Amino acid sequence: MTPPTDTEERRIAYGAAFTEGLAQMMAADPTVFVAGEDVGRAGGVCGSFRGLNDRFGDMRVVDTPISEQAIVGLGTGAAVSGLRPVVDLMFMDFILVAMDQIVNQAAKLKYMFGGKATLPMTITTSAGAGLSAAAQHSQSLEAMLCHIPGLKVVMPSNPYDAKGLLISCIRDDNPTVFVKHKRLLGLKGEVPEDPYEVPLGAASTVRSGDDVTVVTYGRMVHEATSAANALASEGIECDVIDLRTLQPLDMDTVIQSAQRTSRVAVVHEAVRFGGLGGEIASQIAEEAFDYLDAPIERVGAPFSPVPFSPALEKEWVPNAEMIGERIRALAAA
Amino acid sequence: MDPSPETLLDLHRRMVRIRHFEEAAGRLAEQNRLPGFLHLYVGEEAVAAGVCANLDDDDQISSTHRGHGHLVAKGGDYGAMMAELMGNATGYCGGKGGSMHICDLDLGMLGANGIVGGGVPIAVGAGFANKYRGSDRVSVVFFGDGASNIGAFHEAANMAAALSLPVLFVCENNEYGEFTPRDRTMAITDVVDRAAGYGMPGAIVDGMDVVAVWEAANEAVSRARRGEGPSFIEAKTYRFYNHHGVQTLGMKYRSDDELEQWKQRDPIELFEDRLAAAGVLDADGAQAVHAAAEADIEAAIAFAEESPLPDPDSLLVDVYTQAAYSGATA
Ligand SMILES: Cc1ncc(C[n+]2csc(CCOP(=O)(O)OP(=O)(O)O)c2C)c(N)n1
Ligand SMILES: [Mg+2]
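Each protein sequence line maps, in turn, to chains G and X. All the letters of the first sequence, read from the start, carry residue numbers 1 to 333 under our numbering. All the letters of the second sequence, read from the start, carry residue numbers 1001 to 1330 under our numbering.
The following block holds chain G by itself, in its conformation from the complex (with noise of 0.2 Å):
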């Protein structure tokens, strides 16, 4: 995760760089555009379009309808046309609304079509709870996504991130699935001003240590991280690996460090049944079966709908106390 080193240290927040990184390459690749609901005037809801119907003009910064279904379909048609869009849907919720235009066509067309159709486009979403949101605004659903080959998905856990992995996306010829955390908007972190990608499908190691490997993305990076640096004056050391691309998987990185440490955690916010850890902890029992000195251990959200009040929620996502309670028995495991 190092910035290039010629550019001066500069903080700006994770919903800025999404902006900035975005406005470079709409003004970098004329085919480049946006499409969403409140995008354009309202320059989106959480401000991560501000600025861009001003410089860019209607037709590339478009109000669309509240149709999600259309809006990926208008994705999907402008791509195998020939532009680059980016097509919003505010929450990650709203995916559901438009899940045959992104499962059954954008993520197949290339494929049934014997090659032939190419797909250069980024879906844009925010996901997570905290914010008392309640059970239809608040889901984390990227295993849903990370299920269906075709797309790529990829979920920054920092500013830095934020920036270039959209702009890897924005560039990668495939669909590709781009989810903000809605409690990070606010993060500042370094961003060099200039366009740099951040690879997809690479991992980044945030801590490293010896005794656990705690495998996490999207926000749940800050809570295992805080986890481990309590559990660092216990002399439990952990490695924290921020996945950032969720498909294609980095396992590479997991295994390597899997094997060093004998034993592993993965984090995540979305409902722990069916997460993302089944199938990164069942990767690891495949190749690093031998290395291991305890079952893997999955921390996730429990098995209900988010729960509006903030009595309720508190104990729905994952936290710093929880996550380090559960490392710790698996360092003692």
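These are computed hints drawn from the structure, not numbers from a lab. Here the structure is a predicted model, which is why all the values come from computation and not from measurement. No residue lacks a Cβ here, since even glycine has one placed at the ideal position from N, Cα and C. It is possible that some hints are incorrect.
Calculated pairs, SDA-like style, for lysine to any residue (alpha carbon to alpha carbon, straight line, at most 25 Å) [claimed, not checked]:
no., chain 1, residue 1, chain 2, residue 2
1, G, K314, X, K1252
2, G, K182, G, A23
3, X, K1252, G, R60
4, G, K110, G, L131
5, G, K314, X, D1318
Here are some chain G residues the structure puts well away from chain X; computed CB gaps all over 12 Å [said to hold, decoys possible]:
no., residue
6, E37
7, G44
8, F91
9, V97
10, Q136
11, N174
12, Q283
Guided by the hints, dock chain X with the ligands onto chain G, whose structure is given.
Only chain X with the ligands this time, still in chain G's reference frame:
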């Protein structure tokens, strides 16, 4: 049909009760005493009141993210509503749903909805159940101008008409979906134009005139009860507060002038003038209705604030129904 004096007073009371609930919710939100999103119905009261005054508890409605007004109009309990907005155990949904999922199935209120258009097919399903049972119940779906652009609306409207279901489609056209004006997202001015495409009769009403809404709904509901199928009402209305939360003046997406002009046509003030002129309710009488609603809302807030938080053990309760099959229900 002309509304009786009792109906007029009923309409007034429903509107006033919505207004006071929403104003109180807005105040609490501004004091950070309500978690989550809050979409207020202030300005649109005549629509919910005018429609719901034609319904019985057995008739169903499905609602939107802007759903408090629909529930109050259907007879919802202030205390259980306020407690839900606060996320407390005594709330309508035990704190699990909040503002966007507030419901009262005993009153036929099938839920506010976080998904735009999500409630439309559900009301059609309720209408199907009513027809299936041979009852004369009707279902009503409230939805926004913005929601009329989503596939679920079109599929459900077509299905309701094709199956001739007893459903009333009520479009609350407040000219905006979030922060984007209607003319940027559809090429027609009147959403009701869409009804014809599905073979449904449609009418436009002044959504700030509760009697006009009541009359149109009365006709449509009677038609549905007679088994003559669905109809569509477009109520032209306006929200006085922001898309969510309260703040309004100085918002970039609509002008202060436009807002002030609509506020000149406050549905409650318009109606109170009319009630006074007709000798049905004078200013003192109207004031008493406001005072009663205000007292109720204060009591509801006190009840909600004294209520316990949900027990963390309830987190995994009600993901599934546990009861075993007990034979056919009615
Ligand atoms: C499927 C879906 N897409 C987008 C949203 C975000 N959203 C919430 S309310 C809203 C605007 C709805 O406009 P309208 O139907 O006119 O209702 P109004 O808010 O004006 O009452 C949008 C886009 C959502 N909740 N669900
Ligand atoms: Mg609207």
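> What hints, given by number in increasing order, does this structure fail?
Replying inline: Of the numbered hints, 1, 4, 6, 7, 8, 9, 10 do not hold.
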